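These protein sequence lines map, in sequence, to chains A and B. At position 6 of the first sequence (counting the first as 1) the number is 5 in numbering that gives the first Met the number 0, and the numbers step up by one without a gap. At position 65 of the second sequence (counting the first as 1) the number is 64 in numbering that gives the first Met the number 0, and the numbers step up by one without a gap.
If you're looking for bench data, these hints aren't it; they were derived computationally from the structure. Keep in mind it's a predicted model, so treat the numbers as computed, not measured. Note that CB positions come from ideal geometry on N, CA and C, so glycine has one too. Wrong hints could be hidden among the right ones.
List of simulated lysine-lysine pairs, DSBU-like, C-alpha gap at most 30 Å [to be verified]: (1) B/70 - A/128; (2) A/64 - B/70; (3) A/126 - B/23; (4) A/95 - A/64; (5) A/29 - B/72; (6) B/19 - A/112; (7) A/259 - A/248; (8) A/112 - B/76; (9) A/97 - B/76; (10) B/19 - A/215; (11) A/248 - A/201; (12) B/3 - A/29; (13) B/3 - A/112; (14) A/71 - B/40; (15) A/259 - A/64; (16) B/70 - A/123; (17) B/19 - A/71; (18) B/2 - A/123; (19) B/68 - A/64; (20) A/93 - A/144; (21) B/3 - A/126; (22) A/201 - A/164; (23) A/259 - A/26; (24) A/26 - A/297; (25) A/209 - A/195; (26) B/23 - A/64; (27) A/209 - B/70; (28) A/128 - B/68; (29) A/29 - A/248; (30) A/95 - B/72; (31) A/64 - B/19; (32) A/93 - A/259.
Below, a sample of chain A positions facing chain B; criterion: calculated Cβ distance under 10 Å [claimed, not checked]: (33) 63; (34) 122; (35) 126.
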Amino acid sequence: MPNTQYDLIIIGAGPAGITASVYAARKRMKLLVLTGDIGGQAAWSSDIENYTGYQFVTGPELVSKFEEHMRKYAIDFHENEEVREIEKSGNLIKVKTKNGEYQARTAIIASGKVSKELGVPGEKDFKHKGLTYCATCDGPLFSGKDVAVIGGGNSALDAALQMIKIAKTVYVINNTDRLGGDAVMREKVQGAPNVKIVNGAKVIAVTGDKMVSGIKVRTVSGEEEISVQGVFVEVGLIPNSSFALSVEKNERGEIKVNCKNETNIPGIFAAGDVTDVSEKQIIIAAGEGSKAALSAFKYINHSR
Amino acid sequence: MAKKVTVYSTPTCPFCIRAKQFLKDNNIQYEDIDVSTDQVKAQEMISRSGQMGVPVIDVDGMIVIGFDKEKIKEALKI
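For reference, chain B alone in the conformation it holds in the complex (with noise of 0.2 Å):
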């Protein structure tokens, strides 16, 4: 089963436009949540994250800060 996959980030942002390009590259399917209008998922990421940089990849619920390229192919096994 595919996994649910959302990306906060800014629209300035390069890591946040890196990682989204490596995900469509990998044909993942994702939710794009931009931080910089939404200030209630905003706090979402911090709270869960625990911190306040963006990107920050949330697969199935697995944490992911930052565009970690070897941290996102092992959350998403590819």
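One chain only, chain A, in its complex shape (with noise of 0.2 Å):
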């Protein structure tokens, strides 16, 4: 590992991430950003209608533009490179990954949110043998299954809409009284024909053999097992914060950050879906990586 040191370290390359590294490479800070994936949970977004100057775009589409606008500078990009540890040591920032260790002046965090696990027993076991955490990405192989939603709130019914064309029974297992989302959305789903809408309930484990082959559900009139070859996962997003152990964070781990996107920690800030930032939305990140390299830009200059 050379010792290299960067002005600037970006954490995620989503819509924060990208617009973090656009404007960084614009103010000339040599610049590293090390990310599992390209474009965060707006990859997987199907349909893309309120951000300026797309009246329709795709998530893949989008984050194709931003990809291409990001490659247009020379710019020490390490992909498939997940952050395990950032602490400060002195006036340095160490960012620790699989591949070692590196050293920067600055870094922006803008890992976004991740899928929320449901922690039963079976899910690890039967990760990708079965179940899933995107119905988007492995929806098509359950085609003509028996398949269950877990969840109740907007992820949930646009996974059982995918699945309700394809599958042959969904059930849809939600741990509240009624189903939430939008009403549109909801409606789909309630009145489609190979729908099994099951409220109040929670999952307590996922079982089978080599594959999947039903779920274990515990409701006020007691347990039962649902026989499915498919379980999709859709019980919401958690921010992928915890490799930053010194970083401030709220009750939610979403870290806390003030207008300039400063964390607790100088030096350290941090954009987009991971932050306490009031709305989760593309254009939204997009805007607060922006802020973040600027504030990071001026942080290097003032202390210099």
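Join the two chains into one complex using the hints; note that each chain is given alone, in its own frame.
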């Protein structure tokens, strides 16, 4: 590992991280981007109709535009390299990944949100063996099968709507007494002939042999097993902030930032959905990313 | 000799798009199988990889699950 010292390390390459990298590159900052993927949640979005300038664009299309823009600049860009630790020591920020340690004077955490897990027995064993967190990706493999969507919000309804078209029976397992989400989507799900909505039910286990064969749920009337070959976990998202141990977060695990995107640690900034910013939108994440990059640039100039 | 590369994917999965882009960037020829429309090939992918997540990349019989750049590079020896 060469001991290159960067001006800025950006963690994540969703709308916030990519926009930050464009702004920082244009300020001629020596820049490293460390990320697992490109696009983050935006890459999984199907239809985007509220990003100014695009009346309609798909997530993958918008993300490829973002990436194209970023690649215009000479940036050290490490994909498939997730951050495990970030800490400040003296005036330097140290960032660790599976490949080693990097040093910079500033960092922007823009690691977004990740799917929340159920936390029940069998979940980890059957991941990708019938259990998935991405209906958009893996849904088509369950054509003609019985599947369960776990959750009752918009992302669960979205997954259910996708599966209704191709699966045999779609169980929607919702742990509250009625479905949430947008009325339009809810009505479509409720009206589908091959849907069974199970309200007030909590999943307590995912079962099977080599692949998923069912789920165990608990309701007021007791426990029952539902036979399914596919399980779509859609119980929401959590901030991808657990690697940032010393950075202050709110009760939801979101990194606390002020209006300049500063965290409690001088030199460490944060932007986008991983923060406590009031709304989570692609355009907001992008704007926050640019703000964080400009703040990091000012921070370096002031501390010179 | 060029290796035989097959990508099992769905059109909507971002990691499939990334994986195919990575192969293109490295001038690797591959056969793209859309498992959302081909049930037989979908079953083939499941039985060969022992799992149901896409993408699955087959490099001369070596199976790589997911867009794991390092493993793909290793399999391709690039």
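| Taken at face value, is the distance from the CA of residue 76 of chain B to the CA of residue 112 of chain A at most 30 Å? | violated (34 Å)
| task | Sort out whether residue 201 of chain A lies within 30 Å of residue 248 of chain A, counting only the CA atoms. | result | OK: residue 248 of chain A and residue 201 of chain A at ~29 Å, within 30 Å.
| Is residue 68 of chain B close enough to residue 64 of chain A, meaning Cα to Cα at most 30 Å? | Distance ~22 Å between residue 68 of chain B and residue 64 of chain A Cα, so the pair holds.
| message | Hinted pair, alpha-carbon criterion (30 Å max): residue 3 of chain B, residue 126 of chain A. Please report holds or violated. | response | holds (28 Å)
| message | Given the hinted pair residue 19 of chain B and residue 112 of chain A, is their Cα-Cα distance within 30 Å? | response | Distance ~25 Å between residue 19 of chain B and residue 112 of chain A Cα, so the pair holds.
| said: Run the distance test for residue 2 of chain B versus residue 123 of chain A: straight-line Cα separation, threshold 30 Å. | reply: violated (33 Å)
| query | Can the restraint linking residue 29 of chain A and residue 72 of chain B be considered satisfied, given a maximum Cα separation of 30 Å? | reply | holds (28 Å)
| query | Hey, residue 259 of chain A versus residue 26 of chain A, does the alpha-carbon distance stay inside 30 Å? | reply | Holds, because 17 Å separates the two Cα atoms, which is no more than 30 Å.
| field | Pairwise hint evaluation, residue 40 of chain B against residue 71 of chain A, where the allowed Cα distance is 30 Å at most | value | violated (38 Å)
| task | Take the C-alpha atoms of residue 95 of chain A and residue 64 of chain A, compute the straight-line distance between them, and say whether it is at most 30 Å. | result | The hint holds at about 29 Å.
| message | Given the hinted pair residue 128 of chain A and residue 68 of chain B, is their Cα-Cα distance within 30 Å? | response | holds (22 Å)
| query | Measuring from the C-beta of residue 126 of chain A to each C-beta in chain B, is the shortest one below 10 Å? | reply | holds (8 Å)
Against the hints set out earlier in the document, violations occur for numbers 8, 10, 12, 13, 14, 18, 20, 34.
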